[in-house]
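K.L.:
Sequence:
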Amino acid sequence: MLSVGEKVRHALTEVFQRGEIMDPLLEKALVSVSEVRMSPDLKIGTAFVTILGQEDTAPFVAALNKNAKFIRGRMAPALKQMKYMPEVRFRTDTSFDNFARIDAILKSPEVQRDLDGDDAGEADEDAARAGKTNGDRN
193 MLSVGEKVRH
203 ALTEVFQRGE
213 IMDPLLEKAL
223 VSVSEVRMSP
233 DLKIGTAFVT
243 ILGQEDTAPF
253 VAALNKNAKF
263 IRGRMAPALK
273 QMKYMPEVRF
283 RTDTSFDNFA
293 RIDAILKSPE
303 VQRDLDGDDA
313 GEADEDAARA
323 GKTNGDRN
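Those letters in the sequence shown? Residues 193 to 330, per the numbering used here, in order.
Any given hint could turn out to be false.
[To be verified] Per label pair, the in silico range of CB-to-CB distance:
| id | residue 1 | residue 2 | range |
| --- | --- | --- | --- |
| 1 | 246 | 296 | 19 to 29 Å |
| 2 | 245 | 308 | 31 to 41 Å |
| 3 | 233 | 290 | 23 to 33 Å |
| 4 | 196 | 244 | 22 to 32 Å |
| 5 | 257 | 196 | 18 to 28 Å |
| 6 | 292 | 262 | 26 to 36 Å |
| 7 | 251 | 275 | 33 to 43 Å |
| 8 | 211 | 293 | 25 to 35 Å |
| 9 | 212 | 309 | 55 to 65 Å |
| 10 | 306 | 233 | 40 to 50 Å |
These are computed hints drawn from the structure, not numbers from a lab. Glycine included, C-beta positions come from ideal geometry on N, C-alpha and C.
Put together the whole structure using the sequences plus the hints.
P.N.:
Written out as structure tokens, the structure is:
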């Protein structure tokens, strides 16, 4: 069974796919909803969005928040089983930026050198253990 956040995410995705938002900025934008975090009382959902192909997402997120009540109304049929229709707040999803930054750090020469050094150290330890166990058998 899907969590409430996932149900809201699916409903938001359907609204964006249908292209029902009549905002000049959002009409041509490809909005991807990566996660919806619900408040404990399930009355507020924070939707983390990525605007595909756009570096500066702030104007798009502002437009989504400006149209939040309209979007909430369009989600209602998909979420009619909920006691309260959640208020949706939009935020920029920065997790992809964080992943890219971590990946760049892991690929940096300094980290690679350290990782290669650890591998060599492990190989030496393995060889030492192998020699020790072989010596114990004799």
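K.L.:
Could you run down the list of hints and mark each one as holding or not?
P.N.:
Cross-check of the supplied hints:
1. For the pair residue 246 and residue 296, the beta carbons lie near 21 Å from each other, so the given range of 19 to 29 Å is met.
2. Hint check: residue 245 to residue 308, Cβ distance near 37 Å, so the stated range 31 to 41 Å holds.
3. Checked against the hint of 23 to 33 Å, the C-beta distance between residue 233 and residue 290 comes to roughly 29 Å, which is consistent with it.
4. A hinted range of 22 to 32 Å for the beta carbons of residue 196 and residue 244 is consistent with their spacing of about 26 Å.
5. Here the CB-CB span from residue 257 to residue 196 is close to 21 Å, well matched to the stated 18 to 28 Å.
6. A hinted range of 26 to 36 Å for the beta carbons of residue 292 and residue 262 is consistent with their spacing of about 33 Å.
7. In this structure the hint that residue 251 and residue 275 lie 33 to 43 Å apart at CB holds, the actual value being about 34 Å.
8. Taken as a hint, the range 25 to 35 Å holds for the pair residue 211 and residue 293, whose Cβ atoms sit roughly 33 Å apart.
9. The hinted window of 55 to 65 Å between residue 212 and residue 309 holds, with their beta carbons roughly 56 Å apart.
10. With their beta carbons about 47 Å apart, residue 306 and residue 233 fall inside the hinted range of 40 to 50 Å.
Comparing the model with each numbered hint stated earlier shows that all of them hold.
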